[in-house]
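J.: Residue strings, one per chain:
There are 2 protein chains.
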Amino acid sequence: MGGNTEKKSLLGTAKARLKAVMSAMSGLDEIEAIIKDKLVSESELLCEIPHYLLTLGGKRMRPALSLMTARALGAATHPPPLLDVAAGIELIHMATLLDDDIIDRSPLRRHKASPYVKYGVESTLLSGDFLLVRAFSLCARLDRFVIDATEKACIELTEGEIMEAPLDKFSHTVETSTTIARKKTAALFWLATRTAAHLTGHSGEVVEHASTFGEKLGIAFQILDDILDVTSTEDLLGKKSGIDIRERKPSLVNVLWLRSGSPGAKILTSPNPITDAELDAGLTELRASPVIDEARAAALRYTAEAASALDSMARLAPNADSAAVEHLRTLIDYTVERME
Amino acid sequence: MGGNTEKKSLLGTAKARLKAVMSAMSGLDEIEAIIKDKLVSESELLCEIPHYLLTLGGKRMRPALSLMTARALGAATHPPPLLDVAAGIELIHMATLLDDDIIDRSPLRRHKASPYVKYGVESTLLSGDFLLVRAFSLCARLDRFVIDATEKACIELTEGEIMEAPLDKFSHTVETSTTIARKKTAALFWLATRTAAHLTGHSGEVVEHASTFGEKLGIAFQILDDILDVTSTEDLLGKKSGIDIRERKPSLVNVLWLRSGSPGAKILTSPNPITDAELDAGLTELRASPVIDEARAAALRYTAEAASALDSMARLAPNADSAAVEHLRTLIDYTVERME
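Note that the protein sequences, when read in sequence, are chains A and B. Under the numbering used here, the residue at position 53 of the first sequence is numbered 53, and the numbers go up by one with no gaps. Under the numbering used here, the residue at position 309 of the second sequence is numbered 309, and the numbers go up by one with no gaps.
One or more of the hints may lead you astray.
If several chains are the same, the list does not tell them apart, and a pair holds so long as it fits within one copy or across any two.
Unchecked claim - Below, in silico cross-link-like pairs of lysine to aspartate or glutamate (EDC-like), each with a Cα-Cα straight-line distance of 20 Å or less:
{"hint": "1", "residue 1": "K118", "residue 2": "D143"}
{"hint": "2", "residue 1": "K266", "residue 2": "D168"}
{"hint": "3", "residue 1": "K169", "residue 2": "E48"}
{"hint": "4", "residue 1": "K36", "residue 2": "D148"}
{"hint": "5", "residue 1": "K15", "residue 2": "E30"}
{"hint": "6", "residue 1": "K266", "residue 2": "E337"}
{"hint": "7", "residue 1": "K169", "residue 2": "E122"}
{"hint": "8", "residue 1": "K152", "residue 2": "D37"}
Simulated from the structure, these hints should not be mistaken for laboratory data.
All chains should be modelled from the sequences, with the hints used to inform the complete structure.
T.: Here you go:
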C-alpha cells in the first residue's frame with residue numbers, strides 16, 4: 001500500500017481530511033434538530049432512551065453520506081426532503097443499535113453502559129419500535145420512490161438480522177456472511193445514496209450507480225467492523241473486543257477462520273459457552289493469522305467497487321461537483337485507512 | 001339488563017347476528033389477500049411466523065370495523081385505499097400479538113403453541129418488526145391524513161406498552177389503566193374508524209365522531225378482555241385464564257381489586273412470584289367479587305359513549321346507510337353481551 005502511504009504524506013490522513021470535510025459541511029445540524037424534534041412522546045422513557053443513545057456520540061456517517069452524495073451530484077443547497085430522509089435513516093440506524101446491543105449482550109457502548117443495561121430489555125425494545133415508527137413516518141411523507149426504497153431497506157434489515165444465526169446453529173459461508181453484511185449494514189448506506197440521487201432530481205443510471213456506491217461502501221464498512229472487533233482494543237472500540245467470537249457471529253472473519261481449518265476456530269461451533277481464556281487465545285491467534293489479511297482483501301474489493309461506481313456516477317451526472325466527489329473518495333480512503 | 005334480554009329473544013344473540021353480518025360482508029377476503037401478499041421475504045422464517053399466526057384464526061375485528069364503518073357512512077363499494085389501510089391495521093395488530101405473548105409469557109394462543117414458543121423470542125420479535133414495516137408502507141402510500149393517523153396510532157401502541165409496568169413496580173390508578181387500554185388497544189380501533197370516515201370522503205365532525213366511536217369501543221373491548229381473563233375458562237380463551245393476575249398487569253380489574261382493599265389482592269404487589277395456589281385463590285375470590293361488576297359498569301359506560309358517538313356520526317353523515325349503522329350497533333351489542 002505504498003500509494004496510499006504517499007497520499008497520506010502529501011494530503012494528511014484520510015481521517016483528518018474527512019474530519020475537516022465534515023466540520024465544514026452544512027446540513028448535519030439541521031438533521032440533528034429534525035431527529036430531536038421527532039423524539040416526542042407522552043412516555044418520557046420512550047424518548048429518554050434515544051436521547052441517551054445520542055449523548056453517547058457517533059459519527060452520523062449515514063446522514064453525512066446523504067449530504068455528501070447530494071453535494072457531489074451538484075446540489076448547491078440541501079432540499080428539505082433530503083434532510084428528512086437523512087434524519088429518518090439515522091433514526092432507523094439508532095433503532096438497530098438498540099436491538100444490536102441486546103442481541104450481542106454488549107454491556108458497553110462507547111465506554112458507557114449500553115442502553116439496554118441502563119434501561120432494561122423491554123423498554124429498550126419498545127424504544128426501538130418507537131424510533132422505527134417515527135423514522136418511517138418521516139420518509140412516508142415523501143414520494144413513492146422514497147417509500148419503496150425505505151420499505152426495501154427496512155425489510156432487508158430484519159432479513160439480515162434473522163439470517164444472522166450463530167455459527168454453532170447454522171453452517172454459514174462467505175456468501176451468506178456477505179448477504180448478511182449487505183442486508184444489515186449496507187441497506188441503510190444504499191438508502192442514503194439512492195434517495196440523495198433521487199431527491200436531487202436524478203434518475204436512471206445515475207441513481208443506480210449512486211445506489212451501488214452506497215451498497216459497496218456499506219459492505220466494506222461492515223467487514224471493517226468485523227476486522228476491528230479482532231484487531232482493535234477496548235480502549236479504541238469503546239466496548240470489549242472479540243464480541244463476534246464470543247457470540248459466534250457469522251462475521252466474515254469468523255467464517256474465514258472456520259474455513260481455514262484452524263483447530264482454534266473450533267470454539268465457534270462447539271456447543272459450550274466460550275471461556276475468557278478461549279476467547280483470549282482465539283484473539284491472539286487471529287491477530288497473527290492470514291485470515292485477517294483475507295478479510296481485508298475482501299473489504300478492499302468492495303471499496304474498489306464503491307470507487308468505480310462513484311466514478312460512473314460522477315461521469316454521468318450532468319452537474320457533478322468534482323470537489324464534493326473528492327470528499328466521497330475521502331470517505332472511501334478513510335475506510336481503507338482504518339484497515340491498515 | 002332486561003332490555004337486552006328482550007332484544008335477544010326478538011332478534012337472536014348479538015353474536016349470531018354479528019356472525020351473519022360478517023359472513024355476508026364483502027371485502028374481508030380481499031383484505032386477507034392483501035395481507036398474504038405483503039408476507040413476502042427472502043427469509044422464509046420472517047413470513048412463516050405471521051403465516052402460522054394467521055392459521056390460528058382470529059375474528060379480523062379491526063378490518064371488519066373499517067369495512068362496516070365505510071358501509072355505515074354510505075360507501076356502496078370499498079375504495080381500494082380503505083382495503084389497504086384495513087390490511088395494514090391487521091398487520092400492525094398481528095405484530096402486537098407476537099410481542100404480547102412474549103411479554104405475557106403466554107405459552108398458548110388459541111389452544112396452540114404461541115408463536116414465540118414455536119419459533120423463539122428473537123425470530124418472533126424480528127417478525128413483528130417485519131410486519132410493522134410492511135404495514136406502515138401500505139399506509140404510507142396513501143395521503144397525509146392516513147400517514148398522520150397511522151403514525152399517531154403506532155406511537156400510542158408503543159406508549160401503551162411501555163406504560164404497562166406491572167403493579168409491583170408502579171402504582172397504577174383507574175386513570176393510568178384506562179390510558180393504557182386506550183393506547184394499546186383502542187388506538188387501532190380509532191385508526192380503523194377514522195381512516196374509514198376519511199377515505200369515504202368525509203371530514204370534520206363526521207370523522208371526529210367516527211374516531212370517538214372506534215376509540216370508546218376499543219376501550220370497552222380491552223376492559224372486556226380484562227374481565228374475561230378472570231371469568232372465562234381456558235377452554236373458551238384458548239389460553240390459561242388469570243394471566244393478567246400472574247403477570248401483575250395494570251388491567252382495570254386488577255387495579256379495582258387492589259383499590260378494594262381486599263387482602264387477597266396483595267399478591268399483585270408482593271415481590272414474590274405468584275404460586276398456582278395463590279392464582280387459583282385469587283381467581284375464585286375475584287369471580288364472586290363486586291370488582292367484576294365495577295369493571296363491567298366501566299365498560300358499559302364506554303359502550304354507551306361509543307353508541308352515542310355512532311348516533312352522532314350517522315345523524316351528520318349525508319349518505320348514512322341505516323341498515324349498515326345497525327350492524328355497527330350489533331358490534332356494540334356483541335361487546336356488551338360477552339360481558340354477561
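J.: Against each hint, give a clear statement of whether it holds in the structure.
T.: Checked hints:
1. K118 x D143: Cα proximity of K118 and D143: none, with 38 Å in one copy and 39 Å across.
2. K266 x D168: within (10 Å within a copy, 46 Å between copies)
3. K169 x E48: between (36 Å within a copy, 19 Å between copies)
4. K36 x D148: This pair counts as between: shortest inter-copy Cα distance 18 Å, intra-copy 25 Å.
5. K15 x E30: This pair counts as neither: shortest intra-copy Cα distance 23 Å, inter-copy 55 Å.
6. K266 x E337: Neither: 31 Å inside a copy, 62 Å across copies.
7. K169 x E122: between (25 Å within a copy, 14 Å between copies)
8. K152 x D37: Result: close only across copies, 15 Å inter versus 25 Å intra.
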